[in-house]
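There are 2 protein chains.
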Amino acid sequence: MLKIGVDAMGGDFAPEAAVKGAVAAADRIGADSRIVLFGDEKRIREVLAAENCPAERFDIVPTTEVIEMGDHPAKAFQQKSDSSIAVGFGYLAKGLIAGFASAGSTGAMMVGSMYAVKPIEGVIRPTISSLIPTVSGRPALLLDVGLNVDCKPEVLCQYGLIGSIYAESVLGIENPRVAVLNIGEEEAKGNAQAKAAHEMMKAESERLGFNFVGNVEASYLFTGKIADVVVCDGFVGNTALKMAEGLYRINKALGGGNAFWESMNYENVGGTPVLGVNAPVIIGHGCSTPRAIENMILSTERTAKADFTAKLKAAFNK
Amino acid sequence: MLKIGVDAMGGDFAPEAAVKGAVAAADRIGADSRIVLFGDEKRIREVLAAENCPAERFDIVPTTEVIEMGDHPAKAFQQKSDSSIAVGFGYLAKGLIAGFASAGSTGAMMVGSMYAVKPIEGVIRPTISSLIPTVSGRPALLLDVGLNVDCKPEVLCQYGLIGSIYAESVLGIENPRVAVLNIGEEEAKGNAQAKAAHEMMKAESERLGFNFVGNVEASYLFTGKIADVVVCDGFVGNTALKMAEGLYRINKALGGGNAFWESMNYENVGGTPVLGVNAPVIIGHGCSTPRAIENMILSTERTAKADFTAKLKAAFNK
Numbered sequence: 001m002l003k004i005g006v007d008a009m010g011g012d013f014a015p016e017a018a019v020k021g022a023v024a025a026a027d028r029i030g031a032d033s034r035i036v037l038f039g040d041e042k043r044i045r046e047v048l049a050a051e052n053c054p055a056e057r058f059d060i061v062p063t064t065e066v067i068e069m070g071d072h073p074a075k076a077f078q079q080k081s082d083s084s085i086a087v088g089f090g091y092l093a094k095g096l097i098a099g100f101a102s103a104g105s106t107g108a109m110m111v112g113s114m115y116a117v118k119p120i121e122g123v124i125r126p127t128i129s130s131l132i133p134t135v136s137g138r139p140a141l142l143l144d145v146g147l148n149v150d151c152k153p154e155v156l157c158q159y160g161l162i163g164s165i166y167a168e169s170v171l172g173i174e175n176p177r178v179a180v181l182n183i184g185e186e187e188a189k190g191n192a193q194a195k196a197a198h199e200m201m202k203a204e205s206e207r208l209g210f211n212f213v214g215n216v217e218a219s220y221l222f223t224g225k226i227a228d229v230v231v232c233d234g235f236v237g238n239t240a241l242k243m244a245e246g247l248y249r250i251n252k253a254l255g256g257g258n259a260f261w262e263s264m265n266y267e268n269v270g271g272t273p274v275l276g277v278n279a280p281v282i283i284g285h286g287c288s289t290p291r292a293i294e295n296m297i298l299s300t301e302r303t304a305k306a307d308f309t310a311k312l313k314a315a316f317n318k
Numbered sequence: 001m002l003k004i005g006v007d008a009m010g011g012d013f014a015p016e017a018a019v020k021g022a023v024a025a026a027d028r029i030g031a032d033s034r035i036v037l038f039g040d041e042k043r044i045r046e047v048l049a050a051e052n053c054p055a056e057r058f059d060i061v062p063t064t065e066v067i068e069m070g071d072h073p074a075k076a077f078q079q080k081s082d083s084s085i086a087v088g089f090g091y092l093a094k095g096l097i098a099g100f101a102s103a104g105s106t107g108a109m110m111v112g113s114m115y116a117v118k119p120i121e122g123v124i125r126p127t128i129s130s131l132i133p134t135v136s137g138r139p140a141l142l143l144d145v146g147l148n149v150d151c152k153p154e155v156l157c158q159y160g161l162i163g164s165i166y167a168e169s170v171l172g173i174e175n176p177r178v179a180v181l182n183i184g185e186e187e188a189k190g191n192a193q194a195k196a197a198h199e200m201m202k203a204e205s206e207r208l209g210f211n212f213v214g215n216v217e218a219s220y221l222f223t224g225k226i227a228d229v230v231v232c233d234g235f236v237g238n239t240a241l242k243m244a245e246g247l248y249r250i251n252k253a254l255g256g257g258n259a260f261w262e263s264m265n266y267e268n269v270g271g272t273p274v275l276g277v278n279a280p281v282i283i284g285h286g287c288s289t290p291r292a293i294e295n296m297i298l299s300t301e302r303t304a305k306a307d308f309t310a311k312l313k314a315a316f317n318k
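Those protein sequences? They're chains A and B, same order as listed. The first sequence begins at 1 in the working numbering and counts up one residue at a time. The second sequence begins at 1 in the working numbering and counts up one residue at a time.
Here chain A stands alone, though its shape is the one from the complex (with noise of 0.2 Å):
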């Protein structure tokens, strides 16, 4: 049975959000899957029992606390050692559960990715990471979007590891091209940083075992031509991934609706998974649906069952 936790008092509109998604989803997560929810059970009780799902579909874990988006994340997930999020990570790190997703604190969910699941051996620095749809079909990995905004180029490197690992066991995109995002096509092209990433990516790709293509502009970002994974540093790609939502944004007010738009859509993306720890986590907007929810959970048993964890620790202890 594999087990996928779920913070039921995480994001703006928890429990009601969380536990309908959770409902959602549980129809579509395969037989030998289970959700585990974490959360104050008398309210999680009364939201299954308004939605007609019986309570036996679920595990539940109960907490006492919640740890809000105002806490400090560091101090708040020491503190409320009964929260949601830091009962689910104390799971999460035991193996009781496969995988762990949350739309609550950003914040407490990395402080859990570093501190109870910690980094897999080897990894410089986790990386937060975001699919991006493209009108090729199928999405592109881009990493890192926020959490490591001034990045090494050996950074930048693993994170092409860690991009096609992922894409390759998760997405199911055989031998991912991998390339540095800069701002022209031609090798020496670029910032400091996307240059330096450039050669070293072109030195070490191929011991390391990823398939680089070198440079792709933001222009093709979304075309799926270039790249199924796409590395920059957080400040870029944070950036690129807000102007995305900001035009999603515009366009639906403007009422210019269509497939590539919807694919844009925060809730249809399954969150933002965060890589290079020793267990699948996954972090949520905070205003997530149901819908969401539901997409993020159906992404954190993806990856649990793709087995991603354990490829990424043989790759980096080869």
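These aren't lab readings, by the way, just hints derived from the structure by calculation. Among the hints, a few may not be true.
Copies of the same chain look alike in the list, so a pair counts if it works inside one copy or between any two.
Computed list of lysine-lysine pairs in DSSO-like fashion (alpha-carbon distance at most 27 Å, straight line) [to be verified]:
hint	residue 1	residue 2
1	K189	K118
2	K195	K152
3	K189	K152
4	K195	K225
5	K195	K75
Since the structure of chain A is provided, determine the placement of chain B on it from the hints.
Just chain B now, kept in the frame of chain A:
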């Protein structure tokens, strides 16, 4: 008489597109303005004849050479001394024209900007900028968009002043709001560069004379809600611009046109102004259509009429 210099030989479809664009612009520029075409006189006259436009509407400065896209910019600028770009910059440096626009070699245009008309005293690094459309109806100015990919905070701080003067004098935006592009609203957010730029602008903007409003996230770039002038390094700015272009193309291919997206069309943007040098210089896309050239010429006229350069010099030498 305000003379606006236009490179008739610049761009992938020169001289046809350039001359056709000039013909269209001639109908729209002020009665006191006149377009000066630099290029192959015979070919210019042929296009004008084909357009049924009397050649007398223009000044024509005959040149015999063309700097090609493949040429080394600095070498070609020097060696092809009778090229349309080199001759155009000669006129500009001597004040025989009030501005110069070309869709030709960006590199050669930059060489001309830096070595023929030269940076304004006090400007550490000139910059290239781009108008970005917003749903508020009035454009914002993004700078730098690719010239300086690694920027010191004092350079970014100057961009705030340069952008502010451009927005006020050329775009007619009163007391323009200047912001640092960043990944959070809070002062302490961002990478080392953005934090340092924020700090310096906060300390210096009042003395320098611009209205610093803090950080702007990329999700708000196209809303116009936060800022009229957005400052970032050329790596981030170029990435944002290219991403917008890519999404524009995707949106167009998907048939998702509307007025907002149409305003994203580079043909309507009017080229990329080089700011911080001693005369108005505007660089167009290599693939400029007549409409793109037309708008580039009008934008050059607007910059010259606004007396932008004089205002910039005054600001840097008070």
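Now for the hints, and whether the structure bears them out:
For the homomeric pair K189 and K118, the shortest alpha-carbon distance between copies (24 Å) is at most 27 Å, but the shortest distance inside one copy (36 Å) is not. Taking the closest pair of Cα atoms, K195 and K152 come within 27 Å of each other both inside a single copy (11 Å) and across two copies (18 Å). Proximity of K189 to K152 under the C-alpha cut-off of 27 Å is found in both arrangements, the shortest distances being 17 Å within a copy and 19 Å between copies. Within a single copy, K195 and K225 get their C-alpha atoms as close as 22 Å, which meets the 27 Å cut-off; across copies the closest is 35 Å, which misses it.
Proximity of K195 and K75 under a CA criterion of 27 Å is satisfied inter-copy only: 25 Å between copies versus 39 Å inside one chain copy.
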